[in-house]
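2 protein chains.
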Amino acid sequence: MSTRRAFLSTAGAASAFVWIPKGIKGYSAADLRAFSADGSVKPGISKWDLDTPALCLDLDAMERNVATMQAALKRNGLPSRPHAKTHRCAAIARYQLSTGSIGICCAKLTEAEAFFAADIAPIMMTTSNPAPQKIRRAMALRKQNPQFIQAVDEEPNARDLSAAAKEAGVVADVVIDVAVGTRSGIPAGAGALALAKVIDTLPNLKLRGLLSYDGSGQHVKGFAARKAHTLEAIEANAATQAAMKKAGLNVEIFSGGGTGTYNIMHLVPGFSDVQVGSYLFMDMQYLAIGGEDGNEVYKDFAPSLTVTTTIMNNRFPGLLTTDAGTKALTLNKPNPGVVGEPGMDYTAGSDEFGQIRVTEATRTYKIGDKMEVIVPHCDPVVNEYDQIYGIRKDRVEVVWPVTARGKSQ
Amino acid sequence: MSTRRAFLSTAGAASAFVWIPKGIKGYSAADLRAFSADGSVKPGISKWDLDTPALCLDLDAMERNVATMQAALKRNGLPSRPHAKTHRCAAIARYQLSTGSIGICCAKLTEAEAFFAADIAPIMMTTSNPAPQKIRRAMALRKQNPQFIQAVDEEPNARDLSAAAKEAGVVADVVIDVAVGTRSGIPAGAGALALAKVIDTLPNLKLRGLLSYDGSGQHVKGFAARKAHTLEAIEANAATQAAMKKAGLNVEIFSGGGTGTYNIMHLVPGFSDVQVGSYLFMDMQYLAIGGEDGNEVYKDFAPSLTVTTTIMNNRFPGLLTTDAGTKALTLNKPNPGVVGEPGMDYTAGSDEFGQIRVTEATRTYKIGDKMEVIVPHCDPVVNEYDQIYGIRKDRVEVVWPVTARGKSQ
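Chains A and B, in that order, give the protein sequences. Residues in the first sequence are numbered consecutively from 1, following my numbering. Residues in the second sequence are numbered consecutively from 1, following my numbering.
Careful: at least some of the hints might be erroneous.
Since copy identity is lost for identical chains, a pair holds within one copy or between any two.
In silico lysine-lysine, DSSO-like type, Cα no more than 27 Å apart, as pairs [said to hold, decoys possible]: (1) K227 with K206; (2) K227 with K25; (3) K221 with K333; (4) K206 with K366; (5) K333 with K299; (6) K25 with K143; (7) K206 with K25; (8) K166 with K25; (9) K74 with K221.
Keep in mind the hints are simulated off the structure, nothing from the lab. Treat the numbers as computed from the prediction; the structure is a model and nothing was measured.
With the hints as extra help, turn the sequences into a complete structure.
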């Protein structure tokens, strides 16, 4: 509870007063599209006039987050290759590429296909594709898109990929997914090196290097603990990279890391780029990990992604019901953070409704009033929505489709 | 753990052998659409040939569930008005209406708009619309669709609705949402009666009765406890209904209940129809509530909704990684149930990956192998998908769009 309050205070969220104009209109995305055909919105539409629940992105905050990340990575000599699974939005991918990122990562083949259909080309698929049809589709995508790179983590799959690449008439770029932890990838060491050597002999594959993403490392609390965990967890992978290099194999890519470890990965010998994602948006999960300055709250990046919601019931003491439940905010923890109201605890446990336990409130909330919450975990929340409203100074500037929404195959 | 095993055993899921053919193809929805323009699929496509994660509905099981429900409600003299928030699928709504349901319920205005656009007319919106633009849209929908009924739970909103109905040139059908518990609606008693009397005087509203949905009652474990809880919780609402009737107000609708209480609601005097939803699909949550026969597992309806998933990693002892994580299965509890493998505990905690702790397995799972899981909670899982594959005897019979996917405003 004290930690949640600290987040909300730090997130500039504890200001005692949230300005919500009178005369809330409840505009739908269709209303806004009717105002403008090109996705831009005529000035003057307040985010408080949007129909709720609406997924809102503070563009100033997001742009500052990108600038902060790019400056920090530049200081450390590493480029970013952001993970697009976070935003699933071609407009945001385009912004990342225009501000210095060297490419994007995709976790799912349908996601990669959707981004390429939206003219995003430098794509690294970080997950292997074990099904025959998917292998063929990946190689068909590679044929259209020479900048497509495919992850692989076992010899039979590498052989199938090479055969499919041959069928498609290409030599396909691949990276080996080397495990950190026990989720995906081949364990570091002799097996990974042997796989690299096999791939190097396959006629229709071109080895580009390796991936080593440490999912569990991102949310270790406290910078010192996170740094120690991260460097220890990747030690065997770094040794594998060195062995691959010594064996004359291509290791130009040695990619991994994320928003929690962006300022750690440059300490790993041979590392090539950082797969940051959540830095754009932030969320209650990342606010909780603690910063390099020793603070309990991670302040390197500012929360930019919120959901606006309407009060549906205020009749029961100490409780408010809202219109944003599991389908709008997911069940991720920590709970969504109500902006400006550190004395409220929001749970999104009903499919269609949120419920707030109110310990303290800065004002009285009536039925029909709106509020704004910081999302619990950005990736799955974005995936619930068809569009992101780009907001600047509380006004809607643009409506972006979530290009790869639901592309989970 | 023992309970989870009991579910899986009872769900016909513990058969030691799950038949998965060789040569899995990984067909996408687009592949299937290419086979057939009308949504029907040429015979012979196995569900195991679908790209994963795929949302699969066993049509035989669903049809049996509907028949069971309709027969039980008929015995008890109550019709069903199923909640379409569960499936968000026009094809399924059409099936429900064709098998005796008197209408559908919608929780969100955009959901109701989407169903009406798909030619589903008898719609009762069970949630109020407090925003001005939404009130107008609801009345615009009423103008097009005379079978639309709107919930209302406070006097200012009733007056706004009447004004908007006048603007639209209609007299709109409304029901009062009377609270059971502390989520939505006006508390039962004098306030609710007074609201009903006000509505009865408003020129552009026609009072049809009241709603009383008890969300917390549905999942009370054990039939006797559930029955006692339900009848006690709705007592004040039944008294309000009686007082409305005595005051000469229209109470033809007194609607509520759900899959957990379908065989209880007929005991409430004046009750008119049951808002069942999950009975179609079932899920791990409902399997846990216990049946009227005293069994720990609720067997009145059979699980029909599953997600197929592919093994992505099998290298770490006692662990399997799959391609269905939070975005495919949500974080609802109880955990997804692996069909045929009661010794596996599946968590969908990663955005893109599932992880299984294996205590016992009936066979060895290799990378690329598939399995099938019963969904943890049907409503939010359906909302992650653009289509439902209708399966009969393991073959794809039809591909249904999730008509109102993401319609959470």
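Verification of the supplied hints:
1. K227 with K206: Result: close neither inside a copy nor across copies, 33 Å intra and 65 Å inter.
2. K227 with K25: neither (48 Å within a copy, 43 Å between copies)
3. K221 with K333: Both ways: K221 and K333 sit 15 Å apart in one copy and 26 Å across, limit 27 Å.
4. K206 with K366: Close across copies (26 Å), not inside one copy (62 Å); limit 27 Å.
5. K333 with K299: within (19 Å within a copy, 32 Å between copies)
6. K25 with K143: between (48 Å within a copy, 20 Å between copies)
7. K206 with K25: between (56 Å within a copy, 25 Å between copies)
8. K166 with K25: between (57 Å within a copy, 19 Å between copies)
9. K74 with K221: within (25 Å within a copy, 57 Å between copies)
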